[in-house]
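Chemist: This is what each chain is made of:
There are 2 protein chains.
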Amino acid sequence: MTRMHVTYRIDATPMQIEARARALAIEQSVECPMGAVRDARVRDAVVGRVMDIVPAGENVFEARIGLALETVGDDAGQLLNMLFGNSSLQPDVRLEAVDWPDGLPALPGPRFGIDGVRERLGIPRGPIACSALKPQGMDVEALAALAYLQARAGIALIKDDHGLADPVSAPFARRVPAIQAAVARANAETGRRSVYAPNLNGGARKLQAQVQVCRDHGVGAVMMCPLLVGPSTMAEWVADGLDMPVLAHPALAGVGRIAPALLYGTLFRLFGADMVIFPNFGGRFADDARRCHAIAEAARAPLGALPPALPVPAGGLSPDRVPELVDFYGPDVALLIGGSLLAAEDPEAAMRHFVDAVEQQGRT
Amino acid sequence: MTRMHVTYRIDATPMQIEARARALAIEQSVECPMGAVRDARVRDAVVGRVMDIVPAGENVFEARIGLALETVGDDAGQLLNMLFGNSSLQPDVRLEAVDWPDGLPALPGPRFGIDGVRERLGIPRGPIACSALKPQGMDVEALAALAYLQARAGIALIKDDHGLADPVSAPFARRVPAIQAAVARANAETGRRSVYAPNLNGGARKLQAQVQVCRDHGVGAVMMCPLLVGPSTMAEWVADGLDMPVLAHPALAGVGRIAPALLYGTLFRLFGADMVIFPNFGGRFADDARRCHAIAEAARAPLGALPPALPVPAGGLSPDRVPELVDFYGPDVALLIGGSLLAAEDPEAAMRHFVDAVEQQGRT
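Protein chains in written order, with the working numbering: chain W, 1 to 364; chain R, 1 to 364.
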């Protein structure tokens, strides 16, 4: 019998916890009273099973529950569904961690991983400078001009602002070729290999057209928000052989109560992310250092036979934090600095300062 | 200038709130320091604008922010992104409500609405009995036999358990034709028009194949979990003319960071849901009555020119609550009872009892 071991954090009294954990095991599997489970195979192989319960504070427990892998199949959305679909609606439960002692579900994982991303960027070791094209509302020419500046300054990875979808001010089909051309021109001048990652968005039809634009114009990577395009959609693209590294963005991720290390580090990676953006500590997202460290560790930790994903801390960073952050995360990291460079009196100089700071760290 | 008015609930002191609201307006629009916004049009038409701030308790405020509709375009995921993409990651913010004084974004809304669903079910007025096929893990024959019993008993809407995706125990391509045939056979015997709603799941390729199975076999409705298949995916299917009413399931919707009335009642409906399942009060999801009432009201309230969606409260209901719930929600409601019918000593009698209770309410 093949199960995954799922750890939930539950608010309950010592009197309640055993019954609460049993109810949760049922909620996340057969989702009906045990009296309605009349099939012996289902009772034996499918009903969730409470494996252990340990105290985690006053009236807080961690319960480990074994859930049948057969209920997940090979679908990313269905994995999330079985881990937390219904219990996300119950305020006393939080999804903490998952172990797959019997093997991972059949999901793609990163196609490129850290090594593949480094190869594409031409940066074999050390931290990677990443920036964003913003503010939204700018037209195609202004965005392309900004991308040119960033690539000229040596920013290795240049991503769309996650708010740039397909607006009239800069429609995807016009924006992406123009920005890609600007980055290619800068690369020809610098001899670097900066990569542009546009923000894929929309339903199947739109995504198909967008991927075609990227392929037609030699775009080097793509960004997706797994919770906006849908985890299944993202994983299907990767499983079907998407030929560009995927940068995952955490938009909307805060709605549920899933431990960030699990969501960004493990699940987004399982869905096919080669790089994962997450809110850094000390910025404008209030995440603490321990939690951020756990995200980066999870993204790079052994996970079946899957390659590691590159952690990309972001959110209110500035170049003077580069040494501290590389020291904290280690050299396998991309640092994403967007707004603070653009707000500088001399944005070009700020970009070069950022790139210099990154290149002084850990490339030796 | 066309804006939507978005209300956020923010934890802040009276000293902090103005700056906090301004920062939020920026986070959900240009997402960079104002110093980086050098384009006058962007500053004027795109940067979010704090419209008003009112106290909502001790150190809690409601701030109304005007966000440019041009940043949303016609994409459902992008609407969620602009409403709450980044600020969902900030623990002091909650998304409460949206008004569209300048018109709705170009999203499909329900194609069928309450009237279209009623027509399909042959139930012109009064509450509607709904049940679920569970537990997961049962094989196709057992699920079809259960669907037959439910349809024979007069359950009008029979949905897959949301945990039934495409498992080896009951693959979609074999399950759906068998269950549809069972329901059709029961309908032929009873003269009723019970409808089966299978759970669409997966990425674009899988969904395409699943919709084809549904069409080939005359399936009367479909279920989707918008946050699992992706809001954009769901809305694109509806916009492209999906010819079956859509039942939306709240899996992964989490608790409370987006007000449930907004998420289930308004947003899921904008994405194309004809019927919206939500956790009822007094069941196993701890939602309070006032909040549930607001969800049902939002699903049926005027919203541009869109038809209303049918509220479907669910989660630990039992037939003896039918009169109370119809009284509470009014007759435009479907009551979803799954597990408690199946756990009864005589499930068939329990189903008939449920249908009788529903049919005694408000059909006259």
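Honestly, I wouldn't trust all of these hints.
Reference excerpt, derived from the structure (chain W facing chain R, CB under 8 Å, subset only) [said to hold, decoys possible]:
| # | residue |
| --- | --- |
| 1 | E31 |
| 2 | V140 |
| 3 | E141 |
| 4 | A145 |
| 5 | D166 |
| 6 | R205 |
| 7 | A209 |
| 8 | Q212 |
| 9 | S340 |
Since the hints were made in silico from the structure, they are not lab data.
For every residue, glycine included, the Cβ atom is placed at its ideal position computed from N, Cα and C.
Chemist: It remains to establish, for every hint, whether it holds in the given structure.
Modeler: Taking the hints in turn, this is what the structure says about them:
no.: 1; hint: E31; verdict: holds (6 Å)
no.: 2; hint: V140; verdict: violated (13 Å)
no.: 3; hint: E141; verdict: violated (11 Å)
no.: 4; hint: A145; verdict: violated (11 Å)
no.: 5; hint: D166; verdict: holds (5 Å)
no.: 6; hint: R205; verdict: holds (6 Å)
no.: 7; hint: A209; verdict: violated (12 Å)
no.: 8; hint: Q212; verdict: violated (14 Å)
no.: 9; hint: S340; verdict: holds (7 Å)
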